[in-house]
Amino acid sequence: MMAGRHFPSGASVPRLRNLPVGAFAAPVLLLGAWQLACLTGLFPQQVLVPPSGVAKALADMAGSGELQRHVGDSLHRLLVGFAIGAVSGMIFGAALALSRLLDAALSPLFLTLWQVPVIAFVPLMVMFLGIDEPFKIAVVAIAAFFPMALATFDGIRGVPRNWFDVAKIYRLRLHQLVRRILLPATVPAVLTGLRISLTRAWVVLVAAELLAADSGIGQMMEMGRQLFQIDVVLAGVVVSGLIGFLLDRGARWVESRATRWRAA
Amino acid sequence: MSLHPQARNEHAPASISRGALTVGGLHKSFDIGGAPRKILDNINLDVRPGEFVSIVGASGCGKSTLLRLIAGLDTDYSGELRLDGERIATTSLDRGIVFQDHRLFPWMTLEQNVELALLNTGTPKARRAQIAADHIALVNLKGFEKAYPHQLSGGMAQRAAIARALVTEPKLLLLDEPLGALDALTRVHVQNELQRIWMAQRSTMVMVTHDVEEALYLGDRVIVMSPNPGRIRRIVEVDLPHPRDRRAPLLHRLKDEILAELTSGADAAESAGNLVHLPSREAR
Numbered sequence: 001m002m003a004g005r006h007f008p009s010g011a012s013v014p015r016l017r018n019l020p021v022g023a024f025a026a027p028v029l030l031l032g033a034w035q036l037a038c039l040t041g042l043f044p045q046q047v048l049v050p051p052s053g054v055a056k057a058l059a060d061m062a063g064s065g066e067l068q069r070h071v072g073d074s075l076h077r078l079l080v081g082f083a084i085g086a087v088s089g090m091i092f093g094a095a096l097a098l099s100r101l102l103d104a105a106l107s108p109l110f111l112t113l114w115q116v117p118v119i120a121f122v123p124l125m126v127m128f129l130g131i132d133e134p135f136k137i138a139v140v141a142i143a144a145f146f147p148m149a150l151a152t153f154d155g156i157r158g159v160p161r162n163w164f165d166v167a168k169i170y171r172l173r174l175h176q177l178v179r180r181i182l183l184p185a186t187v188p189a190v191l192t193g194l195r196i197s198l199t200r201a202w203v204v205l206v207a208a209e210l211l212a213a214d215s216g217i218g219q220m221m222e223m224g225r226q227l228f229q230i231d232v233v234l235a236g237v238v239v240s241g242l243i244g245f246l247l248d249r250g251a252r253w254v255e256s257r258a259t260r261w262r263a264a
Numbered sequence: 001m002s003l004h005p006q007a008r009n010e011h012a013p014a015s016i017s018r019g020a021l022t023v024g025g026l027h028k029s030f031d032i033g034g035a036p037r038k039i040l041d042n043i044n045l046d047v048r049p050g051e052f053v054s055i056v057g058a059s060g061c062g063k064s065t066l067l068r069l070i071a072g073l074d075t076d077y078s079g080e081l082r083l084d085g086e087r088i089a090t091t092s093l094d095r096g097i098v099f100q101d102h103r104l105f106p107w108m109t110l111e112q113n114v115e116l117a118l119l120n121t122g123t124p125k126a127r128r129a130q131i132a133a134d135h136i137a138l139v140n141l142k143g144f145e146k147a148y149p150h151q152l153s154g155g156m157a158q159r160a161a162i163a164r165a166l167v168t169e170p171k172l173l174l175l176d177e178p179l180g181a182l183d184a185l186t187r188v189h190v191q192n193e194l195q196r197i198w199m200a201q202r203s204t205m206v207m208v209t210h211d212v213e214e215a216l217y218l219g220d221r222v223i224v225m226s227p228n229p230g231r232i233r234r235i236v237e238v239d240l241p242h243p244r245d246r247r248a249p250l251l252h253r254l255k256d257e258i259l260a261e262l263t264s265g266a267d268a269a270e271s272a273g274n275l276v277h278l279p280s281r282e283a284r
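Sequence order for the protein chains is A and B. Numbering-wise, the first sequence is residues 1 to 264 according to UniProt numbering. Numbering-wise, the second sequence is residues 1 to 284 according to UniProt numbering.
For reference, chain A alone in the conformation it holds in the complex:
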């Protein structure tokens, strides 16, 4: 009767075996090609700084504490803006999913605004909010709001109707239905929404900092561009990519931890 399934779950597969060597091959190859392009003089060194130059710029900025300041400022904005955007998106999505009236009244507007790139709101927001912290936090919040609202909406609407039958059979009261069935049933969709919101918010934040800011990773890159310090610009590319990657990985880890009951 076991049908070849393992019990208790053999989740403790050695992690090393899961670590693909191939995952490192592509970045190493890219770095090699990059270094080679610099060595052959295909592009002038001032335009295409070699990886070693970027590494040096990173080390210098880390040594002076400049890098940490920019990263810290960016992450702080991300955290505050994401918290505001994700929570309000969750509430909005839940309200739309639970109320036919709100759904009918607000969905078209919501779906239209969702199609507008967040960056397109920047000029307007700069006029109202200036280029200080409120502006950047607002940009992040908007970027996080939409995917979160959509994911929550889909998560709640996606709860199988069959499960309501089971709840009815066992005479579950509303609070029991919400706590024991609706909330756990929507957790996977909401966590996926959180991950997408988080990474999207990060991308939009860096872009917004490029356009208007006095600190942060994006501003560091913009300053580098203006002073023609291409090594600083490329260092910003590397750092923002790495942070985005780590945010995604971290969120995926939380996701898989919280939904361990799913098929392995």
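Everything labelled a hint here was simulated from the structure, so no lab data went into it. Glycine included, each C-beta is placed from N, C-alpha and C at the ideal position. Treat each hint with caution, since some may be false.
Unchecked claim - When the alpha-carbon atoms are kept at most 20 angstroms apart in a straight line, the in silico EDC-like pairs for lysine to aspartate or glutamate are as follows:
id, chain 1, residue 1, chain 2, residue 2
1, B, K255, B, D239
2, A, K168, B, D101
3, B, K255, B, D211
4, A, K168, B, D74
5, A, K56, A, E222
6, B, K255, B, E237
7, B, K142, B, E169
8, A, K168, B, D94
9, B, K38, B, E80
10, B, K255, B, D245
11, B, K146, B, D134
12, B, K125, B, E169
13, A, K168, B, E169
14, A, K56, A, E66
15, A, K168, B, D76
16, B, K255, B, E177
17, A, K168, B, E86
18, B, K125, B, E145
As the list claims (entries may be wrong) - Over the 12 angstroms line for every Cβ pair with chain A, so calculated as not near, a few chain B residues:
id, residue
19, A58
20, D134
21, A200
22, H210
23, D211
24, P243
25, E257
Claimed, not checked - Here's a subset of chain B near chain A, in silico, CB distances under 7 angstroms, partners left out:
id, residue
26, T91
27, P106
28, A117
Knowing the structure of chain A, use the given hints to seat chain B on it.
Same frame as chain A, but now just chain B:
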């Protein structure tokens, strides 16, 4: 239909005051494209306490609808539907149901799923775990209490669903094609389990199936339904004691009869109407 007062089977329960289902003049229509469409037409059936009744019929004969009505999941009907004299108006912990899909909640372990059914039974919290464990043992799933549904095979999950349905000790257990999604071997195994559980539990059971052999193997009576609209075409008494032998000639003869009836022309079904043939006793 006829209610048999005398306990015919040696395993008949001592107390017969529990789980008597009465279906009288039951009609059910659905609104399809603005026009009412008759799904169940004048269903009359008395199920004795502790009896196992199987319902077979082609798809679309309303057998699952009938079960949903008895469960109280759908209360829009006309006619009479009573359990121990009490009109069925909503769901009740007196009536358990097992669906074709196990409908266990994937984020709960087996024991959490079973205990969920006890939430509103008034059972003290301390007793719930023990009662759940007893029923998990009843369906032979001891040792799998902490397993999540995805870690169970199809047959195990279905037995877990049976444990959940039985844990409230319902007077009536409804089974809506409970083995329909299982492979042939698992099916036979769970049929044996179901027979054993029924003999141990003694609650009234009504099972919908499209497998005539299964219906005959488990049922004290087999209700044969015809579609468009759903009507009772025939009621077959299966006069064999439990536990049964699958090879019993009576089962095979009745199977051929019922299959012939189910596959005969639709016009025959029309003219047969709701005519009920009482069982032929010479079959013994």
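Checked hints:
| no. | hint | result |
| --- | --- | --- |
| 1 | B:K255 - B:D239 | 14 angstroms, holds |
| 2 | A:K168 - B:D101 | 16 angstroms, holds |
| 3 | B:K255 - B:D211 | 10 angstroms, holds |
| 4 | A:K168 - B:D74 | 11 angstroms, holds |
| 5 | A:K56 - A:E222 | 19 angstroms, holds |
| 6 | B:K255 - B:E237 | 12 angstroms, holds |
| 7 | B:K142 - B:E169 | 19 angstroms, holds |
| 8 | A:K168 - B:D94 | 13 angstroms, holds |
| 9 | B:K38 - B:E80 | 17 angstroms, holds |
| 10 | B:K255 - B:D245 | 14 angstroms, holds |
| 11 | B:K146 - B:D134 | 15 angstroms, holds |
| 12 | B:K125 - B:E169 | 17 angstroms, holds |
| 13 | A:K168 - B:E169 | 17 angstroms, holds |
| 14 | A:K56 - A:E66 | 14 angstroms, holds |
| 15 | A:K168 - B:D76 | 16 angstroms, holds |
| 16 | B:K255 - B:E177 | 18 angstroms, holds |
| 17 | A:K168 - B:E86 | 19 angstroms, holds |
| 18 | B:K125 - B:E145 | 17 angstroms, holds |
| 19 | A58 | 24 angstroms, holds |
| 20 | D134 | 18 angstroms, holds |
| 21 | A200 | 19 angstroms, holds |
| 22 | H210 | 20 angstroms, holds |
| 23 | D211 | 20 angstroms, holds |
| 24 | P243 | 20 angstroms, holds |
| 25 | E257 | 34 angstroms, holds |
| 26 | T91 | 5 angstroms, holds |
| 27 | P106 | 6 angstroms, holds |
| 28 | A117 | 5 angstroms, holds |
Violated hints for the displayed structure: none, as all numbered hints are satisfied.
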